[in-house]
Every structure is written in C-alpha cells, then in structure tokens.
Amino acid sequence: MKNKLMKISLSLMLVLALVALAGCQTSQETQAPQEKTEEATENQEKPKNQVVNLYTDRHYETDEELYKMFTEETGIKVNVVKGKSDELIERLAREGADTQADLLITADAGRLFRAKEKELLQSVDNETLFDNIPENLRDEDNQWFGLTVRGRVIVYSKDRVNPSELSTYEDLTSDKWEKKILVRSSSNIYNQSLLASFIAINGEEKAKEWAKGIVKNMARDPEGNDRAQAKAIVAGEGDLAIMNTYYIGKMLNSSDPEEVKVAKSVGVFFPNQDTTGTHINVSGIGLARHAKNSENAIKLMEFLSSEKAQKQFAEANYEYPVNPDVEPSELLKSWGEFKTQDINLSKLGEFNKRAVEIFNEIGWK
Amino acid sequence: MIRTKYIKHSLNSWSILSFIFISLIIFPNLNILMNLINKPNENWTHIKTYLLNDYIINSMILVIFTGILTTIIGISLSWIISAYDFPGRKFFEWGLILPLAIPPYIAAYTYNGILDYTGVIQATLRNHFNIQLSQKYFDIMSMKGSIFIFTIFLFPYVYIITKSFLEKQSAALIENARLLGRSQLEIFIHVVLPISRASIIGGVSLVILEVLNDYGVVKFFGITTFSTAIFKTWFGMGDIDSAVRISAILLLIVFAILLIEKLFRGRKKYSFSNTKFRPITRKELKDVKGILAFLFCFAVFSLGFLIPTLQLAHWSLMTYKKILDIEFWRFTFSSLSIALLSAGLIIIIAIIIANYCRMNDNFLSKLYSKTTAVGYSIPGAVIAIAVIIFFIALDNKLFWLYKLIDKNSSKLVLSTSITMLIFAYIIRFLAIGFNSIESGFEKIGKKFSEASRTLGMNITETFLKVDFKMIKPSIISGFILVFVDILKELPLTLILRPFNFNTLATKSFEYANDEMIHEASVSSLIIIIISIISIYIFNKASDKEAS
Chain A
2 MKNKLMKISL SLMLVLALVA LAGCQTSQET QAPQEKTEEA TENQEKPKNQ VVNLYTDRHY
62 ETDEELYKMF TEETGIKVNV VKGKSDELIE RLAREGADTQ ADLLITADAG RLFRAKEKEL
122 LQSVDNETLF DNIPENLRDE DNQWFGLTVR GRVIVYSKDR VNPSELSTYE DLTSDKWEKK
182 ILVRSSSNIY NQSLLASFIA INGEEKAKEW AKGIVKNMAR DPEGNDRAQA KAIVAGEGDL
242 AIMNTYYIGK MLNSSDPEEV KVAKSVGVFF PNQDTTGTHI NVSGIGLARH AKNSENAIKL
302 MEFLSSEKAQ KQFAEANYEY PVNPDVEPSE LLKSWGEFKT QDINLSKLGE FNKRAVEIFN
362 EIGWK
Chain B
7 MIRTKYIKHS LNSWSILSFI FISLIIFPNL NILMNLINKP NENWTHIKTY LLNDYIINSM
67 ILVIFTGILT TIIGISLSWI ISAYDFPGRK FFEWGLILPL AIPPYIAAYT YNGILDYTGV
127 IQATLRNHFN IQLSQKYFDI MSMKGSIFIF TIFLFPYVYI ITKSFLEKQS AALIENARLL
187 GRSQLEIFIH VVLPISRASI IGGVSLVILE VLNDYGVVKF FGITTFSTAI FKTWFGMGDI
247 DSAVRISAIL LLIVFAILLI EKLFRGRKKY SFSNTKFRPI TRKELKDVKG ILAFLFCFAV
307 FSLGFLIPTL QLAHWSLMTY KKILDIEFWR FTFSSLSIAL LSAGLIIIIA IIIANYCRMN
367 DNFLSKLYSK TTAVGYSIPG AVIAIAVIIF FIALDNKLFW LYKLIDKNSS KLVLSTSITM
427 LIFAYIIRFL AIGFNSIESG FEKIGKKFSE ASRTLGMNIT ETFLKVDFKM IKPSIISGFI
487 LVFVDILKEL PLTLILRPFN FNTLATKSFE YANDEMIHEA SVSSLIIIII SIISIYIFNK
547 ASDKEAS
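First to last, the sequence lines map onto chains A and B.
Mapped onto our numbering, the consecutive letters of the first sequence carry residue numbers 2 to 366.
Mapped onto our numbering, the consecutive letters of the second sequence carry residue numbers 7 to 553.
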C-alpha cells in the first residue's frame with residue numbers, strides 16, 4: 002500500500018525530471034540550430050568543428066545564402082538564433098559569461114549602444130572593418146559596427162503636397178502643417194533615435210521644442226507602425242508621415258496589391274539637405290563580450306562588411322549598404338543621393354534615455 | 007494499529023506534496039510584493055511622474071467599459087436563450103460560446119486587417135463603388151477598438167455562467183412571477199437580475215482578469231496598460247526593478263478586485279440546495295419578436311465568430327502554400343506537446359491538492375484551495391517576472407549540482423530551459439484544473455471513499471480504485487480546459503520560452519506584429535479549430551453530466 006504512493010510520487014518526480022531534461026535538450030538544440038543545413042557545405046581542408054554562433058533579429062532567406070557562402074569560403078559553420086532585438090539583448094545579459102553567442106546583429110544604434118552599456122560587447126580592432134565601414138557608422142570604441150543604413154525621412158502625399166513645400170524636420174512643426182503630421186508612437190526606438198540625434202545636434206532645449214511642435218501638428222494620436230502611417234496618408238488622414246525608407250521598399254514589393262498602390266501614391270523626401278542632413282540609423286553587428294569563437298566571429302564580421310556580401314545583405318531589407326564601394330539598389334538610387342546627419346551614431350544611444358524622457362514629459366504617446 | 011499507521015503515513019505524503027506545490031506557487035509571487043518595500047531607482051521617479059497615471063487610467067477604462075458591456079450583452083443573451091424559443095435558438099445556445107475560441111489578440115489583428123485602409127471593406131468600397139469614407143469609421147486601433155474586441159470575445163464568460171444558473175436554478179421563481187402576471191421586462195429587472203447577481207459578478211470578474219492579463223491586444227493597438235508597461239520597462243528600458251514594481255502595483259489592484267468581488271457576492275447568497283435539474287418552460291417568440299431575437303443573436307455571433315473566422319480562412323487560402331513548411335509543423339508539434347504535457351501535470355497536481363483538501367477540513371486546506379485560485383488572477387506578465395527571478399535564484403543555488411553532473415555545465419540550466427515555462431503555466435492555470443477536480447469530488451461526496459477506507463484501503467488505494475473512476479469526467483473536462491488555455495496563452499510564452507521555441511500563439515503574434523497579417527492566419531486558424539473541438543467535447547461532456 003505504501004508502495005503505491007511511493008510509485009506515484011516517484012513517477013511524478015520522474016516526469017518532472019524528464020521535463021527538466023527535455024528542457025536542457027531544447028536549449029542545447031537552440032545553440033546549434035542551423036547545423037543540419039550547413040553540414041553539407043563544410044569544407045574538408047579546414048579543421049572540423051569551426052563554428053560561429055550568431056544572435057540576430059533579421060529573418061531574411063537571403064541571409065542564409067550569405068552564411069552558406071561564408072561557410073564555403075572559410076569552413077566555419079554559422080549557427081543562428083533568431084529573436085526580437087530587445088529579447089536577444091535581454092537574453093545575452095541573462096546568460097552572462099555562459100553565453101554561446103559570439104555575435105549580435107540588431108537594428109538601431111540605440112539598441113547596440115544599450116548592449117554596449119550592459120557590457121555585452123567588446124571592442125574589435127580590425128583594419129578590414131575600419132576600411133569597409135565609415136567612422137560615423139560604428140561605435141566610438143569599436144564595440145559595434147553598422148552593416149546597413151536606413152534613413153528616417155518625410156513621406157508625403159503625391160496628390161496633396163508639392164515636395165517644394167518641404168524642407169526640414171524643423172519645418173514640420175510650423176503652423177502650415179497643423180493636423181497634417183502622421184507618426185507612430187514614441188515607444189518605438191526609431192523615434193527615440195530620431196529625437197536623440199536632434200539632442201546631439203541642436204541641444205536638448207531645441208529637441209524638446211521640436212517634439213512639442215510635432216505633437217501639436219499631429220493629425221491623430223500616434224497609432225500603428227510605419228506602414229500604417231503611409232496608409233493613413235493615402236486614406237487622407239494626414240499629408241505627411243515620418244517613416245523609415247525601407248518600409249516604402251517593402252510596401253512596393255508587397256504581396257498585397259492594395260499596399261503596392263499605397264506605396265506608389267506617396268513620395269519620399271530627404272529633409273535638412275541644406276542644413277544638418279537627414280537622420281540615418283544602422284542595423285549593426287557586435288562581438289559578444291564572452292564570445293568563445295572570437296576569431297571566427299571577426300571573420301564573419303569582415304565578410305558581412307565586404308563588397309561581395311554588402312549588396313545582398315542591404316537589399317534584403319531595402320536598405321543602403323554601409324560599405325561606400327557598394328552601390329545601393331535601383332529603387333534606392335531612384336530616390337537620389339542625400340546628405341546625412343554628421344554625427345557618430347553612438348550619440349543616438351547616449352541620448353536615448355533623455356529622448357525617452359522628453360517624449361514622456363511632453364506627452365508624445 | 008497497523009492500519010492507522012498506514013493512514014497516517016499516506017496522509018502525510020499527500021499533504022507533503024500539496025504543501026510543496028502550494029509553496030512553489032506562493033513563493034515567487036510573494037517575492038514580487040516584497041519588492042514594493044525596497045527603495046525605488048531613479049527610473050521609477052520618471053515612470054511615476056509621467057507614465058504611471060496613464061497605465062492606471064487606461065487599464066481602468068478598459069476594465070470598466072468592458073465589464074459593463076460584457077455584462078449587458080452576456081445577461082441579455084443568456085436571458086433570451088434560456089427563457090424564450092425562437093428560430094435558431096438551439097444553434098445559438100452553443101454558437102454564442104464560440105467567440106471564446108478566438109483569443110482576443112488574434113481577433114484584434116484580424117479586425118484590423120478587415121478594417122484598415124488596404125483591408126477588404128475599404129478596398130471593396132473604393133475599387134467597386136468608388137466610395138471613400140473617413141478613416142474615423144474604421145479606427146479600431148484605439149481605446150474604443152480594444153473595448154470592442156474584449157467585449158465581443160470575452161462576453162461568453164458572463165453568458166455561460168449566467169445561462170447555466172438561469173436554466174438550472176431559476177425556473178420556479180420565474181414561472182411564479184409569470185403566473186403572477188408580471189411583464190417580461192419586470193421579471194427581468196426584478197427577478198432575473200437580483201437572483202443571478204452572483205453568477206454575473208463571477209463571470210464579469212473573469213472578464214476583468216482576462217483584460218488585465220492581456221498583452222497581445224493592447225500591444226498591437228498601442229494602448230499603454232500595465233502589461234505593456236511591464237514589457238516596456240523590462241525589455242525596452244532594461245529595468246527589471248521598475249518592471250517588478252509595476253507588477254506589484256498591478257497585483258495589488260487584482261487583489262482589490264477579488265476582494266470587491268467577494269464583498270458583492272458574499273452579502274446575499276441564493277444557494278439552492280435542490281440540485282434537481284428543471285429547465286424553464288420557454289416562451290415562444292413569434293413574428294417580429296422572434297426575428298429580432300434571432301437577429302440579435304446572429305449579429306453577436308457574426309461579430310464574435312463568423313466574420314473573423316471567414317477572414318482568417320480567406321487569408322489562410324492565400325498563404326498556406328508559403329507557410330506550411332517543416333518549420334511550421336515543428337512549432338505546431340511543440341505547441342501541442344507542451345500544452346498536453348503541462349495540462350497533464352496540472353491535472354495531477356490539482357488532484358493531489360483537491361484530494362488533500364477534501365480529506366482535511368481545516369485552515370490549511372482552505373488556504374490551499376484559495377491559493378490555487380490566485381495564479382489565475384495574476385496577469386501573465388507578472389507571473390513571468392516572478393518566475394524568472396525565482397529560477398535565476400534557483401540556478402544560482404543549484405550551480406554546484408550542475409557542476410557535479412557536468413563539469414562544463416553553464417550556470418543557467420533551468421532558467422534557459424522549457425521547465426521554467428511549464429512551471430509558469432502550472433501557476434497560472436492550476437486554478438482551472440483544480441476547480442474541475444474539486445467540483446467532481448464535491449459531486450461524489452465522501453461516502454464512497456469513507457466506505458472504502460473502512461474496508462481497509464488507504465487513501466492512495468481508495469483514490470485509484472474508487473475516486474478516480476468516479477471523477478473521471480471532471481478530470482477530462484478539466485484537462486481540456488487547461489489544454490486550450492495553454493494553447494492560446496501568449497504573454498507567459500513570449501517571455502519565458504527558450505529561444506527558437508515557438509508555439510502557434512507566439513508565431514501568430516509575431517507575424518501579426520511584423521505586419522504579416524496574412525501569414526499569421528494559418529496558425530491562428532489552427533488554434534481556433536482546436537479550441538472549437540475542445541469546447542464541443544467539453545459541452546457534450548457537461549451536458550451528459552447534467553442529464
């Protein structure tokens with residue numbers, strides 16, 4: 002009789018143990034999730050078991066092709082863990098010295114800066130990277146490097162706005178645009194980085210004035226993402242939207258014909274050409290502080306910044322390559338060249354916190 | 007002598023296990039509350055000055071309006087269905103439960119997809135009729151929109167509970183009132199409302215807890231509430247201390263709501279000792295009245311089930327070729343297996359605790375049965391934060407053990423594994439399993455097991471040979487309920503899953519948030535279909551029990 006109970010409790014323990022075990026297994030799997038696909042292409046001449054583990058927030062099929070190319074060239078397998086940027090950073094922090102990650106790829110300099118602040122990255126002193134990536138597009142201490150560039154621009158209704166009326170970000174706060182401006186919520190990092198860049202260039206006071214002016218001119222309370230702003234223009238809710246360039250590219254190539262129509266009826270304008278330049282941001286890569294395969298990781302960094310990889314890597318997301326020797330895609334070229342803000346993107350991270358506070362203080366939702 | 011020793015022993019084992027499980031539930035959550043005493047950091051001052059008000063106001067608006075609207079829709083439908091007969095009544099009786107099969111976050115992005123500028127309604131109007139209406143008629147990504155979503159997809163809680171009360175308990179009172187010549191409206195106001203107050207409040211408090219728990223809808227619509235705030239401060243600002251603090255405040259609010267519920271419910275009790283099932287004789291509604299009743303039910307059914315499901319089916323047809331790859335089957339499989347496994351564990355634990363509580367009528371057993379209910383009232387984001395803190399501490403404590411097993415073991419074993427997620431599911435959904443099992447035990451009473459004990463079997467044997475067979479239906483229905491809830495669960499899974507671990511729910515949510523609404527439809531549809539099947543089985547099972 003006693004035995005029965007013992008059996009029950011024992012089997013319960015067993016179940017719990019099994020669960021724990023299953024858990025360990027899945028976590029091991031995640032450490033080498035891409036092994037199967039890469040195995041076939043492994044190079045025999047190189048020593049086996051050369052790997053690099055990558056945490057990335059990108060999910061494009063073309064990336065896999067690039068990793069394959071890299072493996073063919075170097076014999077180093079690329080293991081990829083995909084996730085949301087903030088969660089990846091949080092995970093890196095949680096794993097600390099035990100992390101399997103060698104590299105982190107994530108969008109926005111603000112986030113890369115946060116990873117640096119949390120001491121998750123380390124400096125890389127590498128001439129190839131310095132040659133391939135302009136100085137302002139990488140961290141001051143070389144803890145992260147931009148790989149692709151996007152602009153945050155003004156998108157306007159082709160029907161109702163003559164681009165000659167447009168000039169600067171600052172002009173968006175003038176009375177003529179009252180109830181005309183569409184922009185997403187301030188909880189989004191793109192807006193935070195935009196404001197951070199203004200703090201860096203024009204100082205805190207002016208930046209705050211600008212944010213206030215935008216709130217005053219908003220056509221509606223911020224809602225939806227960047228694409229939703231373009232749709233709202235076409236729907237007539239407002240005339241101008243602040244958006245990242247690549248969303249227009251994505252919409253033009255959307256599987257939904259209605260979205261394509263929307264993208265075709267708006268124009269892209271690069272503001273502040275005669276003054277401080279258009280706000281740009283990067284998607285970038287950093288070497289993990291506790292990387293176990295640093296050498297391989299740096300090789301992958303070099304590869305991704307090289308001429309042969311840059312085009313494909315940038316075009317996957319309709320972005321500009323960081324490598325100045327590589328031309329942007331036809332679509333981006335059709336928008337013309339533009340002058341960019343002349344600040345080191347590290348500043349975006351430095352002023353991120355202040356930017357968030359300003360948004361909260363002035364009530365940009 | 008020997009027998010008493012046995013009884014004592016097994017009593018202890020059941021109670022020890024119960025004690026362990028209960029402590030595991032309480033401890034992480036107490037930990038959260040303790041943080042309120044700690045000194046806040048500088049971020050907190052900023053949050054308090056500029057943001058906290060918004061969180062409180064928005065959450066309250068959502069709770070209040072959803073509460074009121076679900077009550078109105080829930081009661082009126084349950085009254086129409088249980089007191090009248092009209093065309094389609096039989097179908098709607100269970101059809102009106104179906105909105106529960108669609109998780110609100112899926113409903114949110116589906117409705118957004120239907121209503122937005124490139125959605126089917128506006129595109130059709132524009133392209134075929136050349137009509138362009140103001141966007142304000144289509145603005146669902148707003149406070150009003152979220153109240154609409156929560157109302158339409160959560161009202162069944164009120165509807166189900168009130169309906170079953172009215173059907174089973176109110177026949178005598180209502181028929182007397184009819185005999186005494188009261189009009190329908192008078193009966194509704196003076197009889198139905200007062201006697202069903204307890205069930206209405208029970209249903210509405212479930213709705214409120216669901217609203218506070220939600221992360222998907224408010225995040226997608228960009229409404230700042232407590233749950234989005236917890237995510238934002240934790241992942242966005244990287245400030246876990248402030249996130250814990252927000253969680254603690256939310257926890258206090260939840261406890262306040264539960265207390266209010268108790269007060270409202272506790273004062274007057276209409277308990278009917280007579281459990282004999284006697285339905286109300288239904289009045290037939292003819293002509294216009296019948297049509298109106300039909301239309302009302304049909305409208306709610308369409309909004310809450312038909313329209314979103316058809317839209318999802320349409321999108322699925324557009325995208326299934328692209329979506330159905332090996333990866334898809336992999337996360338469908340992991341989704342189902344984790345839900346099955348967790349539901350199984352929850353039912354086992356629920357049985358152990360419920361059996362202990364039944365055998366022992368003392369302070370401890372009352373405390374246990376109350377504690378199991380706590381988890382369900384705590385929003386997912388709060389449980390997630392509690393569990394993660396708990397597991398990291400646990401890993402630190404167990405590090406020597408890991409080293410013993412594997413020299414190269416990393417420090418974080420449990421907290422990077424799926425165990426953490428399953429543990430969180432247990433905290434959150436134990437209440438549902440426990441309620442089913444407890445009511446099963448209540449129905450069979452203690453007579454049989456006492457007889458078995460007198461005949462010399464111990465508790466464990468009695469349970470396996472006598473009780474288990476008798477409460478089997480409750481075990482099955484409890485299992486189904488828990489299974490479906492885990493399948494739909496979002497916030498816990500989003501935060502606590504190991505990397506590269508996807509479920510149908512997280513995948514739908516991620517697709518939708520990446521503006522790939524069409525791609526999100528297939529996994530959403532699978533969740534809905536499985537939920538419908540489960541609801542159907544559950545309904546059949548409880549019908550059988552009732553008759």
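Worth flagging that the hints you see were computed from the coordinates, not collected in a lab.
Among the hints, erroneous ones may be present.
Said to hold, decoys possible - Okay, derived cross-link-like pairs now, DSS-like style, lysine-lysine, Cα gap no bigger than 25 Å in a straight line: (1) B/K45 / A/K262; (2) A/K159 / B/K142; (3) B/K328 / A/K69; (4) B/K150 / A/K181; (5) B/K413 / A/K366; (6) B/K328 / A/K293; (7) A/K119 / B/K45; (8) B/K54 / A/K293; (9) B/K413 / A/K251; (10) A/K262 / A/K85; (11) A/K251 / B/K150; (12) B/K150 / A/K366; (13) B/K327 / A/K366; (14) B/K413 / A/K213.
Stated by the list, open to error - Restraint ranges, calculated between C-beta atoms of paired labels, are given here: (15) A/Q123 / B/A262: 18 to 26 Å; (16) A/E179 / B/V126: 52 to 60 Å; (17) A/V261 / B/S189: 40 to 48 Å; (18) A/Y61 / B/I332: 15 to 23 Å; (19) A/Y61 / B/K295: 53 to 61 Å; (20) B/I411 / A/Q123: 46 to 54 Å; (21) A/G364 / B/N414: 51 to 59 Å; (22) B/L323 / A/L253: 21 to 29 Å; (23) A/K213 / B/I411: 56 to 64 Å; (24) B/V126 / A/E338: 35 to 43 Å; (25) B/K413 / A/S335: 58 to 66 Å; (26) A/L253 / B/V126: 15 to 23 Å; (27) B/N44 / A/H60: 32 to 40 Å; (28) B/F261 / A/G364: 27 to 35 Å.
Note that the Cβ used here is the ideal one computed from N, Cα and C, for glycine as well.
So the hint says 35 to 43 Å: do the beta-carbon atoms of B/V126 and A/E338 match that? For B/V126 and A/E338 the Cβ distance comes to about 40 Å; the hint holds.
For A/K119 and B/K45, compute the direct alpha-carbon distance and say whether it is at most 25 Å. holds (22 Å)
Are the Cα positions of B/K54 and A/K293 separated by 25 Å at most? Violated, at roughly 42 Å.
Using the C-beta atoms of A/V261 and B/S189, is the stated range 40 to 48 Å upheld? violated (59 Å)
Hint check: B/K150 vs A/K181, CA-CA at most 25 Å. Holds or violated? holds (23 Å)
Starting from B/K150, check that the Cα of A/K366 is at most 25 Å away, please. Status holds; Cα separation ~17 Å.
Please test the hint of 46 to 54 Å on the beta carbon pair from B/I411 and A/Q123. About 31 Å separates the Cβ atoms of B/I411 and A/Q123, which means 46 to 54 Å is violated.
Given the hint of 58 to 66 Å, check if B/K413 and A/S335 actually sit that far apart at their C-beta atoms. holds (59 Å)
B/K328 and A/K69 were given as a pair; does the straight-line alpha-carbon distance stay at or below 25 Å? Answer holds: B/K328 to A/K69 is near 22 Å, not above 25 Å.
How does the Cβ-Cβ distance of A/Y61 and B/I332 compare with 15 to 23 Å: does it lie in that range? holds (18 Å)
Does the Cβ-Cβ separation between B/N44 and A/H60 fall within 32 to 40 Å? Distance hint for B/N44, A/H60 holds at roughly 39 Å.
Is the hinted pair B/K413 and A/K213 satisfied, with a Cα-Cα distance of at most 25 Å? violated (58 Å)
Consistency with the previously given hints fails for numbers 1, 5, 6, 8, 9, 10, 11, 13, 14, 15, 16, 17 and 20, ordered from lowest to highest.
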